[in-house]
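Q: Here is what each chain is made of, one letter per residue.
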Amino acid sequence: MSTLVFSKSNRKDAAMTDVPWKRYLNRVLWYATLLGVSVPFVFPFIWMVSGSLKSQSEITAFPPTIIPETFRWENYVEIFQYQPFAQQYFNSLYIAVVVTISIMFVASLAGYAFAKIKFKGANLVFLLLLSGLMMPEEVTIIPNFFAMSTLNLMNSHVPLILLPVFGSQGIIATFLMRQFFMSIPNEVEEAGIMDGLSRFGVFWRIALPLSGPALAAVAILSFLHSWNLLLEPLVFVSDLDKFTVPLALNNFSDAYGLPLWHLQMAATSLAVIPVLLIYVIAQRHIVQSFAMTGVKG
Amino acid sequence: MLSVVLKTFGDLMSALVSQKKNLFSGETLSGWLFISPMMFGFLCFFIIPVIAIFGYSVTEWNILSQDSTFVGLQNYQEIFTENEEFWLVVRNSLVFAGGLVPLNIALALVLALALNQKFTGVVFFRTVYFAPVITAGAAWAIVWSFLLQKESGGVNQLLALIGIDGPNWLREPNWAMFAVIMTRVIKNVGLNMILYLAALQSISPDYVEASSLDGATPWQRFRHIIWPLLAPTTLVISIVTVVGSLKVFDHIYLMTGGGPESGTLVLAYYIYERAFEFFEIGYASALAVILFVLTLVLTVGQWLLKQKEQ
Amino acid sequence: MIMRFIKLTTAALALGMTAGVSQADDLRFTVWTGSEAHLSMLNEFADGFKATHPNTNITFETIPFADYVQKISLQIGGGNPPDMGWMLEGTAPTFIQSNILADVSDTLQATANYNFEDLSPSAMGLWQKDDAVYGVPFSTSPFVIFYNQSLLDAAGLDNPNELHAKGEWTWGALRDMADTLADAEQGIYGFETMDGQGYDGRVWEVLVPLVRSYGGDVWQGDTCTLNSATAVEAVQVYHDMIFKDQSAVPPGEMGDFFNGKAALTYTQISRASKLDEADFDWGIAPMPSGKAGSAPIIGQAAVVVFKDSPNRALAEEFLAYMTNEAGVARMAEFFPPARASVLGSDAFLNSNSRLTPSAMRIVANEINNGSVMPSHVNMPVIKSATRGTFDKLWKADADIEAVFTEACSRINKQLTRK
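Residue numbers (the numbering used here), protein chains in the order written: chain A, 141 to 437; chain B, 455 to 764; chain C, 1127 to 1544.
There's no promise every hint is true.
Short, incomplete list of chain A residues facing chain B, as computed with Cβ under 8 Å [unchecked claim]:
#: 1; residue: Pro203
#: 2; residue: Ile207
#: 3; residue: Glu278
#: 4; residue: Leu303
#: 5; residue: Val375
No wet-lab data here; the hints were simulated from the structure.
Backbone N, C-alpha and C fix where the C-beta goes; we use that ideal spot for every residue, glycine too.
Okay, chain A solo, but in the shape it has when bound (with noise of 0.2 Å):
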């Protein structure tokens, strides 16, 4: 597996070396360039926090301000007075940790087995495994509504745990932590044998401690997904109390439909900035357990 390494490129531009003030230029360009073409992935976070501070008749306005005329810090309490909106940010927070703490056995598990376990029917169960990393929701939903329902298992929030565990994130993970228990040498864990560990010992006391790396990438990878959110929930839970971030997000109506913008810019600021920072500090992790499924098998 190769790590993405942010080296910097040691080859020169020649034809920048040529006049100071041509250099110069085609530095101001280059930055104007970039900056321009960040706009529309900048602009709407900038906007969501300016209408989070609107009054509800400011947002409506026209012309609209960047800049609220005055800051209503009180949108982000009535957040909490209109819908149970707390309760829903720990619910999104509780199912994300139990989704990401359940992919992250199962498919250290499952994906040790793939690497290090030769067992009859491996590979075919393998490529099986590897046909529902691809499929979208939609396909399975219709027959897993009925399955929940038969369970009793309508609005609570087991299938937004279940569903995501066993689909098509747990198989990205299962396929991560199988190539990365690929790339561990196979010495290693024969010294434990010899030591008397059982396989499940090797697993558990050399192997898994190794895939720090791996494991970090795959809980990432589930926390997000499992925080996004959205199909599911919206067909397993009626109950407000019940709503994740997501469905509560769009819930930010009057109670006759009618979007409430600066309500609903508050929720969804308290929604994204805590993630936007934990990703701004902890960026290059993040940035790699993406880059890491792009990793071709």
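Given the coordinates of chain A, work out where chains B and C should sit on it, guided by the hints.
A: Okay, now just chains B and C, sitting in the frame of chain A:
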């Protein structure tokens, strides 16, 4: 209770392995035990459901009346011959994929090439272009539908600064499709950019240097050296992006609801709508079968293409 | 780490397992309101019911309005119906036909002093089939005009009630008024349709009042009549307001009457609660007349019991308790009642602190003369099949008749489908 299961699970495996000291043979049972949690779930929530949709698809089954009758291939017949809406959905899905995939890949490549240069601020720009990837799709779609309002929307305000009277983005079928494609590209292009960047950085500088000495122009260098070396990455990216475009749900659900004039009704959303808003389980399952086959054909097709190339 | 994982998972599983299963005496009651005032009133009913049924716990579950029918249907389809809940008029025929609702007539007849005859027959129309009763309306709320008196004063115009008194309150008058009051500079529109949503799923709430007041209707029997000259003429008025006068809030934009950004709108009186902080004077008036006079429209909501409820008998008793005379009078604070005795009472005229007795008289009048929105067994499909077609109306150069003809060809298929 679970802790017991877990312990038994571990004990079983220990027992198994301690009998056979050989690392590389006779581990079939332990292998199956390791994969059993994953495979049990996969069987329950993927394999069986996939088989089930084939079964559902030959019934007429309304969720409310709670009884289903076998109707053979009638749903498929209705989809392909009687329902004009389905062909509109097919057209929309093609337009969506056809617009999104090339745009996404081209933009990703350009950004990756740019960020592969040496300059101050490269980390900043990488952080910026990748930020939407980690942002919740629902949040992204909601903010954009706010931005794309006709008069008070931020986009038209920006356009007005340079003298353009922006359209009513989410209200006119062609603009709505364009808007959904663009917002989706901006949301996900960072991922492909990173994959390209990783590939670019694994290209040995010697290759490139050698060609510059030969007097190749930057374009020639890209066309004849870099682009061919990126081919495997491009293939992986294409598969993921094409299939990803079939899955699009949250943008459609939150931004347009399939409208206006059904102009953004795409297959994945259409399945949801038929099943969970109009409760036509049989019909929606037939659509799900179509999506299943389509995804399979596309994935396997591209994979075969890759095998052939190698 | 492993132990924590196990604990969390078991907790999650246990949470889920108990969620769907209701105890013997627990009633699950679904509503679409999240308003604390509404919920505390509902909880009063639950407490009152406890006096005679000490072991009964009633929980009110809020499902957002936009998804209400969908979520309820999914719960029913999945075999976990709520015990009882609110139900909108448009869904009634589908649900009755699908045999989902319980016939509560026996329970109502057996309830002492229920006074069933007091429920107005026109309001009960949708909920009765032969001798069976599938629900009792708790809210029969007419569409009324809300106007911004401050803007009218500034422009020196008569308000809609004054015009109504002179017999001049027509759609034409509304159009002129909106045109005068619209002020693009200030971002103020003349007119906003119901809840500002006339272009999407609730296009019907825009078309029906117009078309009926001009003497047409969306269908008669099994035939769609939306493409008649009357209907086209009626909708043309509104179309002109958007595209010629530019006085009505156009598609994709938001006006907001309740924040002073639109001079006129029509909606139901429960929205008056959104005007508590309004910095302008306002009033309500009857809907304007069309060529065929006035044709008030009533939105209706009923309490129903689901047939497959495990506690059906108990749920039926609670329904009877909520909708007896005292219960209906209590709910009249928010929901105009379907009981003749309550509707005519002074108590009703004074029941809404936000509206004067004379305003409440307008409400009572509209209820007495109103008709409900169209409904049909295939209504959900009709709505979906015409959604894309109606979108074509909202263009400056739209050919309304052609659009309606296309809509009718789709509607006719569903009207005759069994």
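Q: All the hints need checking, so say for each whether the structure fits it.
A: Cross-check of the supplied hints:
Because the closest C-beta pair between proline 203 of chain A and chain B is about 6 Å apart, less than 8 Å, the hint holds. Residue-level restraint check for isoleucine 207 of chain A is violated (minimum Cβ-Cβ distance to chain B is 13 Å; threshold 8 Å). Because the closest C-beta pair between glutamate 278 of chain A and chain B is about 4 Å apart, less than 8 Å, the hint holds. Residue-level restraint check for leucine 303 of chain A holds (minimum Cβ-Cβ distance to chain B is 6 Å; threshold 8 Å).
Hint status for valine 375 of chain A: holds, given a least beta-carbon distance of 6 Å to chain B, under 8 Å.
Hint compliance for this structure: hint 2 alone is broken.
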